[in-house]
Amino acid sequence: MSNPLRELTELEKDALQEIMNIGFGRAAADLAEIINLHVILSVPHIAVLQSDEVISYIHNQIPDTTDMSMITQFFSGKFNGGSFLVFPHGEGRKLLRIFDGEMALLGENYDIDVLEKETLVEVGNIIIGACVGKIAEMLGDVVTYAPPRFFSQEQIFETLDDVLNESDSFAILFKTVFNFEQYNVSGYLFLVSQHSIMPWLKQAIAEFLGPYE
Amino acid sequence: MNEYQQIFNTINLGLVVLDRELNVTAWNRWMELHSGMPAEKVIGQPVCDLFPALCDNSFIRIVKSVFAFGNYASYSQKLHKYLFPMKNPHGSSAVFPRMQQNCTFGPIRNDNKEIIAVYISVQDVTDFVMYEHKLIQMAKIDGLTGIYNRRYLDSRLTEEIERSRRHGNPLSILLLDIDHFKKINDTHGHLCGDYALRKISELLQELVRTSDILGRYGGEEFLCILPETSHEQAVVLAERCREQIATKPLACEDHQARITISIGVTGQHRDDTLDSIKKRADDALYQAKREGRNRVCSCPAASEPNP
Amino acid sequence: MAKIMIIDDSLVARMSLKACIPKDAGHEIKEGNDGSVAIELYPTFQPDVTFMDLTMPGVDGMAALAEIRKLDPTARVIILTADIQTRTIERVMELGAFGLLKKPPVKDAVQAELNKALATEKQ
Numbered sequence: 001m002s003n004p005l006r007e008l009t010e011l012e013k014d015a016l017q018e019i020m021n022i023g024f025g026r027a028a029a030d031l032a033e034i035i036n037l038h039v040i041l042s043v044p045h046i047a048v049l050q051s052d053e054v055i056s057y058i059h060n061q062i063p064d065t066t067d068m069s070m071i072t073q074f075f076s077g078k079f080n081g082g083s084f085l086v087f088p089h090g091e092g093r094k095l096l097r098i099f100d101g102e103m104a105l106l107g108e109n110y111d112i113d114v115l116e117k118e119t120l121v122e123v124g125n126i127i128i129g130a131c132v133g134k135i136a137e138m139l140g141d142v143v144t145y146a147p148p149r150f151f152s153q154e155q156i157f158e159t160l161d162d163v164l165n166e167s168d169s170f171a172i173l174f175k176t177v178f179n180f181e182q183y184n185v186s187g188y189l190f191l192v193s194q195h196s197i198m199p200w201l202k203q204a205i206a207e208f209l210g211p212y213e
Numbered sequence: 001m002n003e004y005q006q007i008f009n010t011i012n013l014g015l016v017v018l019d020r021e022l023n024v025t026a027w028n029r030w031m032e033l034h035s036g037m038p039a040e041k042v043i044g045q046p047v048c049d050l051f052p053a054l055c056d057n058s059f060i061r062i063v064k065s066v067f068a069f070g071n072y073a074s075y076s077q078k079l080h081k082y083l084f085p086m087k088n089p090h091g092s093s094a095v096f097p098r099m100q101q102n103c104t105f106g107p108i109r110n111d112n113k114e115i116i117a118v119y120i121s122v123q124d125v126t127d128f129v130m131y132e133h134k135l136i137q138m139a140k141i142d143g144l145t146g147i148y149n150r151r152y153l154d155s156r157l158t159e160e161i162e163r164s165r166r167h168g169n170p171l172s173i174l175l176l177d178i179d180h181f182k183k184i185n186d187t188h189g190h191l192c193g194d195y196a197l198r199k200i201s202e203l204l205q206e207l208v209r210t211s212d213i214l215g216r217y218g219g220e221e222f223l224c225i226l227p228e229t230s231h232e233q234a235v236v237l238a239e240r241c242r243e244q245i246a247t248k249p250l251a252c253e254d255h256q257a258r259i260t261i262s263i264g265v266t267g268q269h270r271d272d273t274l275d276s277i278k279k280r281a282d283d284a285l286y287q288a289k290r291e292g293r294n295r296v297c298s299c300p301a302a303s304e305p306n307p
Numbered sequence: 001m002a003k004i005m006i007i008d009d010s011l012v013a014r015m016s017l018k019a020c021i022p023k024d025a026g027h028e029i030k031e032g033n034d035g036s037v038a039i040e041l042y043p044t045f046q047p048d049v050t051f052m053d054l055t056m057p058g059v060d061g062m063a064a065l066a067e068i069r070k071l072d073p074t075a076r077v078i079i080l081t082a083d084i085q086t087r088t089i090e091r092v093m094e095l096g097a098f099g100l101l102k103k104p105p106v107k108d109a110v111q112a113e114l115n116k117a118l119a120t121e122k123q
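If you're matching them up, the sequences are chains A, B and C in order.
When you number the first sequence by UniProt numbering, it's gap-free, plus one each residue, and the end is 213.
When you number the second sequence by UniProt numbering, it's gap-free, plus one each residue, and the end is 307.
When you number the third sequence by UniProt numbering, it's gap-free, plus one each residue, and the end is 123.
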């Protein structure tokens, strides 16, 4: 842990938090315009963890894991990693109301579970794209995305386990809590990057701080 | 043509590119084929002029998000059925007149990494949707009689109770049971019993209205949900069913059998649940059996009418 | 010379803002990392201008802004925030903020807003 490249200094961590904060703010402003979704922003959190701690960390962050659903999407660029948008306790279902008007066109006999999944994939993908895209932009990078995937309940931690127990022994974890005001929906966004991005990340932080020195 | 252009034009997938003003800048051969619109008529045109119905909320939302965030977006058949209205090219056009589509969107960037266009891929998933449709149909239908099964009846009745409560329309149900069915089975054999079940299902299906939902509820028991039907109208319909069945002799192999049915009728009460309304219909049916069968008994709705 | 209060939970945010305020003007600057500090400090320090973040743990900027305007209806509070959603901006202005700057701070914009605030006579 004493290896300076492995850890972020307090100043770097604070700067990264501020970068995320600004990234999320920009994402929220665009989301408000595009999907008419006003977000109550919270202070983002950053941690450098051992890979095998990530799951228990995420587990501890979410108070109630019943009826949970999750969208994952991987992104690659210099900023490289996975994003996990988690809606605990049936919160995801509330987002169906975004499609209220359009849902009427589907007629009868649709399966609410299927609709929840498809809605979360469609909306979650926009939310993830907005957040990751704006943070990458703040860090001077452009990322590309793999298609989003939906997981429910029991598959979630299994999936995280598969994804996170990779070779890298450390992971950088970014967390923020979302609250979509008019739908009263809360969700968590976790971004997990492999530790190998650290040198680039430190450089990007230095460039952000540059004009203020 | 370079190799990418060849792929673009021969791939079994619709490919479209839109610029920031939502003008079409590329339209592959697959799109020409299925839309019947040649590229030269489409290129340079605003996509919303070409397909006005397409520019609804979600399409615009997705295109805007891809331009703003550079994300990968999906537009699924499950939520939207299709994006581009095109003829169903398969044999299933009676069920799905339009080709069912899963679409994806993504950004196209210039050398400065600025997003200058959005691509759309269009996948024809009509065949899968058709299989799914068949499976869903099968899960609703009773194998022997071809009318709805118990599972479907229960879920529909739950919905209808809720709908009737919301809109304040009346709702009634009939519970029908073949009299002395065990005797038919015992004297004429199971084949005759099955035949009787099929024949009665057919007759009942002809007697009820198209808006009524008829199914086989158990062994020789049938349930018919009558939306927007008052208790009095339901009794009239039940009486007609009973009478028609009683007057039609059933021929099975060499036997001629007269079959009768007993029917319990009830209308919805204000606080009904699936179980409470079924319980009343069952009580009425039991009364009809006790009073000598081949008759209609009813458990009328409470004096307080449905709001 | 003026008295300036800077409230932000992020050290980097406070640093970057201070870097945008000219040093030779000799302004007296006090800092805090939470809305509750702002409310506590305001009556004793009596700043001419307050720069404040919105998203903070504890008492957030919205609540602190409302409280400060109650303490001093002429208080000049410039909100410096990452939250640039239209609805947020509307609320901040309704609460009586003097102005709103988006993060990260840019020297010219900070100085222009500061000068504007200092030029506005306290009624």
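A portion of the hints provided could be inaccurate.
As the list claims (entries may be wrong) - Taking lysine-lysine and the BS3-like style, the derived pairs with C-alpha atoms no more than 27 Å apart in a straight line are:
#1 K64/B <-> K102/C
#2 K289/B <-> K117/A
#3 K117/A <-> K134/B
#4 K78/A <-> K64/B
#5 K102/C <-> K116/C
#6 K183/B <-> K199/B
#7 K70/C <-> K30/C
#8 K289/B <-> K182/B
#9 K202/A <-> K116/C
#10 K23/C <-> K116/C
#11 K134/B <-> K182/B
#12 K182/B <-> K175/A
#13 K117/A <-> K41/B
#14 K199/B <-> K94/A
#15 K78/B <-> K113/B
#16 K113/B <-> K87/B
#17 K30/C <-> K3/C
#18 K3/C <-> K202/A
#19 K94/A <-> K81/B
#20 K18/C <-> K107/C
#21 K182/B <-> K113/B
#22 K18/C <-> K13/A
#23 K113/B <-> K140/B
#24 K41/B <-> K78/B
#25 K13/A <-> K116/C
#26 K94/A <-> K134/B
#27 K78/A <-> K182/B
Claimed, not checked - Covered stretches of chain A, as calculated for chain B (at least 3 residues, CB under 8 Å):
#28 113-123
#29 202-213
Said to hold, decoys possible - Stretches of chain B that chain A covers, calculated by requiring three or more beta carbons in the stretch to come under 8 Å of a beta carbon on chain A:
#30 72-78
#31 290-297
The hints are simulated quantities; they were obtained by calculation from the structure and are not laboratory data.
No residue lacks a Cβ here, since even glycine has one placed at the ideal position from N, Cα and C.
For each hint, the structure was consulted:
1. With a CA separation close to 23 Å, the supplied pair K64/B and K102/C stays within the 27 Å bound.
2. Our distance criterion of 27 Å between C-alpha atoms is broken by K289/B and K117/A, whose separation comes to about 48 Å.
3. As the CA atoms of K117/A and K134/B are separated by approximately 22 Å, the hinted pair is consistent with the 27 Å bound.
4. For the proposed pair K78/A and K64/B, the alpha carbon gap of about 25 Å is at most 27 Å, so the pair holds.
5. Only pairs whose Cα atoms come within 27 Å are accepted, and K102/C paired with K116/C is accepted, the gap being roughly 17 Å.
6. Taken as a hint, the K183/B and K199/B pair is honoured in the structure, with Cα atoms around 17 Å apart against an allowance of 27 Å.
7. With a C-alpha separation of about 21 Å, the suggested pair K70/C and K30/C falls inside the 27 Å cut-off, and the hint holds.
8. Taking the CA atoms of K289/B and K182/B, the gap is about 14 Å. The hint holds against a cut of 27 Å.
9. Annotation: proposed proximity of K202/A to K116/C is violated, straight-line Cα distance about 37 Å (limit 27 Å).
10. Annotation: proposed proximity of K23/C to K116/C holds, straight-line Cα distance about 18 Å (limit 27 Å).
11. Using a Cα cut-off of 27 Å, the hinted pair K134/B and K182/B is violated, with the two alpha carbons roughly 34 Å apart.
12. Our distance criterion of 27 Å between C-alpha atoms is broken by K182/B and K175/A, whose separation comes to about 67 Å.
13. For a cut-off of 27 Å, the pair hint linking K117/A to K41/B is broken: about 38 Å separates their Cα positions.
14. Taking the CA atoms of K199/B and K94/A, the gap is about 47 Å. The hint is violated against a cut of 27 Å.
15. Distance hint between K78/B and K113/B is unfulfilled; the C-alpha atoms sit about 33 Å from each other, more than 27 Å.
16. In summary, the hint linking K113/B to K87/B is not supported, as the alpha carbons are separated by about 37 Å, beyond the 27 Å threshold.
17. At most 27 Å may separate the alpha-carbon atoms for a hinted pair to count; K30/C and K3/C meet this at roughly 8 Å.
18. Distance restraint check for K3/C and K202/A: the Cα-Cα separation of roughly 35 Å exceeds the 27 Å cut-off, and the hinted pair is therefore not satisfied.
19. Distance check on the hinted pair: K94/A and K81/B sit about 22 Å apart at the alpha-carbon level, within 27 Å; holds.
20. Restraint check for K18/C and K107/C: the C-alpha separation of about 10 Å stays at or below 27 Å, so the hint holds.
21. With a C-alpha separation of about 78 Å, the suggested pair K182/B and K113/B falls outside the 27 Å cut-off, and the hint is violated.
22. Between the alpha carbons of K18/C and K13/A the distance comes to roughly 19 Å, so the proposed pair stays at or under 27 Å and holds.
23. Restraint check: the Cα-Cα separation between K113/B and K140/B comes to about 52 Å, which exceeds 27 Å; the hinted pair is violated.
24. For the hint linking K41/B to K78/B, the alpha-carbon distance of about 31 Å lies beyond 27 Å, and the restraint is violated.
25. As the CA atoms of K13/A and K116/C are separated by approximately 34 Å, the hinted pair breaks the 27 Å bound.
26. For the suggested pair K94/A and K134/B, the alpha carbons sit about 30 Å apart, so the restraint of at most 27 Å is broken.
27. A distance of roughly 76 Å separates the Cα atoms of K78/A and K182/B; the hinted pair therefore is violated under the 27 Å criterion.
28. Given a C-beta distance limit of less than 8 Å, the hint that chain B covers the region 113-123 of chain A holds, as 7 residues qualify and 3 suffice.
29. Figure legend: the region 202-213 of chain A, annotated as covered by chain B; annotation inconsistent (0 residues with Cβ-Cβ distances under 8 Å, at least 3 required).
30. Evaluation of the coverage hint for the region 72-78 of chain B: fulfilled, as 6 residues show C-beta separations to chain A shorter than 8 Å, against a requirement of three.
31. By the rule of at least three residues with a Cβ nearer than 8 Å to a Cβ of chain A, the coverage given for the region 290-297 of chain B is violated, with 0 such residues.
Violated hints for the displayed structure, listed by number in ascending order: 2, 9, 11, 12, 13, 14, 15, 16, 18, 21, 23, 24, 25, 26, 27, 29, 31.
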